[in-house]
Amino acid sequence: MRTRHSTLAYELFIAPFADFDFMRRALVATLALALGAAPIGVFLMLRRMSLMGDAMAHAVLPGAAVGFLVAGLNLFAMTLGGLVAGLVVALLAGAIARTTNLKEDASLAAFFLVSLALGVALVSARGSNIDLLHFLFGNVLGLTRATVLLIAAISTCSLGLLALIWRPLVLECVDPGFLRSVSRTGAPVHIAFLALVVLNLVAAFQALGTLLSVGLMMLPAITARFWTRDITVMILFAVGGGVLSGYLGLLLSFHNGLAAGPSIILVAGALYLGSVLSGSVGGVLRRLVPKPHLEA
Amino acid sequence: MTTQLRFRNLTLGYDRHPAVHHLDGAVEAGALVAVVGPNGAGKSTLFKGIIGLITPLAGRVELNGLKRHEIAYLPQVADIDRSFPIGVYDMVAMGLWHATGLFGGINAKARRRIHEAIAAVGLTGFEDRPIETLSGGQMQRVLFARLLLQDARLIVLDEPFNAVDAKTITDLCALVQRWHGEQRTVLAALHDLDLVRANFPQALLLARTPVAWGATRDVLTPENLLRARQMCEAFDTRAEACRADAA
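Respectively, the protein sequence lines represent chains A and B. Number 119 in the numbering used here belongs to position 119 of the first sequence; there are no gaps in the numbering. Number 158 in the numbering used here belongs to position 158 of the second sequence; there are no gaps in the numbering.
Chain A extracted, bound-state conformation (with noise of 0.2 Å):
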């Protein structure tokens, strides 16, 4: 009985990383995602900046396009071709925003729907519709060692970046005046803030495609804000919740053959909707239940 328990265990857990190459590729390219995005999207959804996040990635994609037209589905030029682009409008819209009247999501908004539209242009040009929906939402289950290699080294350079600027970026979300009267690095730090944006939706284009990458940055960040008011733990709540996600979702896309991209995401997405309702930190069975108020 106990075996036949274990067995079973074994196999809806275990077998499918143990015995296919390509699932346990997916898993630690989704774990590092985790690691590397989880905590840039907690900054993101703190600074109110959550649908940026969204228009930055759909950013990446002309860029990702141009380096499929000059080389072809090489990871190196796609991948240069993501940074390139995704730094460039996030500082556009940055100057734009500073330039002139309008605000950093409207110009924002301009940017990722243009991106959007060229990318699809320019993939529509030369690929498949396989290959055009491999850019919109990734291929997660057919990572090369050289695209896990990468999105690791992505995502440790992230979390060495993320330390080296962690004092600046808390100040400037808490207190920007007091960051501005106190040093000079606010500038530089929000530059680099926005690179670690881009570098992991790079990253996790390779995975996710253009339209699902932020979702491992966002979701478990949003999810964690429903269980702690304290950073640091917000930030292991959100990593743990994303590697929850890739793990579980990766096991529902294998067991169901559904897409494995969407599943990971579907999970991070039931982990929100159950935060929601029971989060510890204004969950919304929290505010319909109340506990009798305490004396002080």
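Check the hints yourself; a few may be wrong.
What the hints assert, rightly or not - Restraint ranges, calculated between C-beta atoms of paired labels, are given here:
{"no.": "1", "chain 1": "B", "residue 1": "Lys67", "chain 2": "A", "residue 2": "Ala187", "range": "14 to 22 Å"}
{"no.": "2", "chain 1": "A", "residue 1": "Ala296", "chain 2": "B", "residue 2": "Arg8", "range": "49 to 57 Å"}
{"no.": "3", "chain 1": "A", "residue 1": "Arg24", "chain 2": "B", "residue 2": "Asp128", "range": "40 to 48 Å"}
To be verified - Take a look, some chain B residues computed to stay more than 12 Å from chain A by CB distance:
{"no.": "4", "residue": "Ala119"}
{"no.": "5", "residue": "Ala163"}
{"no.": "6", "residue": "Asp218"}
Unchecked claim - Chain B residues, not near chain A, derived (Cβ > 12 Å throughout):
{"no.": "7", "residue": "Thr209"}
{"no.": "8", "residue": "Asn224"}
{"no.": "9", "residue": "Met231"}
If you're looking for bench data, these hints aren't it; they were derived computationally from the structure. Cβ atoms here follow ideal geometry from the backbone N, Cα and C, with glycine treated the same way.
Given chain A's structure and the hints, the job is docking chain B onto it.
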């Protein structure tokens, strides 16, 4: 007496519209000056000009060799994201920015200073409280604790007592007096004239242009205050270029 701060024909503003217009004058080292004036008189703008957040449209501010880290600035509370998940201790510890920089550790001595600053503003026991759970007055105490750690020669307070109860004002005013006693130069924008008369030896009455500047009792006269009210809020989208410099 040495001069800590000198304004030379200083004009500050936004989009060429002056918010502070042709200000001349000096603040002595160790002075305690209240900056008074109606809303829109240019108090906040003047402060931003002093600490270098905005560049003058004309003229200049001379800081007499003060370095950036020797100036502490308390902005209006509205600039702070109160929902950010950070605790009182960390918020106060930011005052050590100059000493620690990006990576410097916070050693036992620094920790003691942080606890002393928190105690000085009466918030002992609040160290771990998230700032979003603080009342307005408690938040202001946190910011004063941070100012204490900055150990600055020039302290600029932008409406520090807005929406703060009498007890908190009394406690925080005592800190301002302590800074005054330590020969630090303090500028504070204030609306409560009785408070200014009781605590600030000098006052600058501002209504875009300076109306009066000097000993508080000479500045805060009914005539001056009336003039200040009438002079303010003259923003005009069709205003012509100022000719004072040409004349």
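Hint check:
no.: 1; hint: B:Lys67 / A:Ala187: 14 to 22 Å; in the structure: holds (20 Å)
no.: 2; hint: A:Ala296 / B:Arg8: 49 to 57 Å; in the structure: holds (54 Å)
no.: 3; hint: A:Arg24 / B:Asp128: 40 to 48 Å; in the structure: holds (42 Å)
no.: 4; hint: Ala119; in the structure: holds (21 Å)
no.: 5; hint: Ala163; in the structure: holds (18 Å)
no.: 6; hint: Asp218; in the structure: holds (32 Å)
no.: 7; hint: Thr209; in the structure: holds (26 Å)
no.: 8; hint: Asn224; in the structure: holds (31 Å)
no.: 9; hint: Met231; in the structure: holds (28 Å)
Hint compliance for this structure: no hint is broken.
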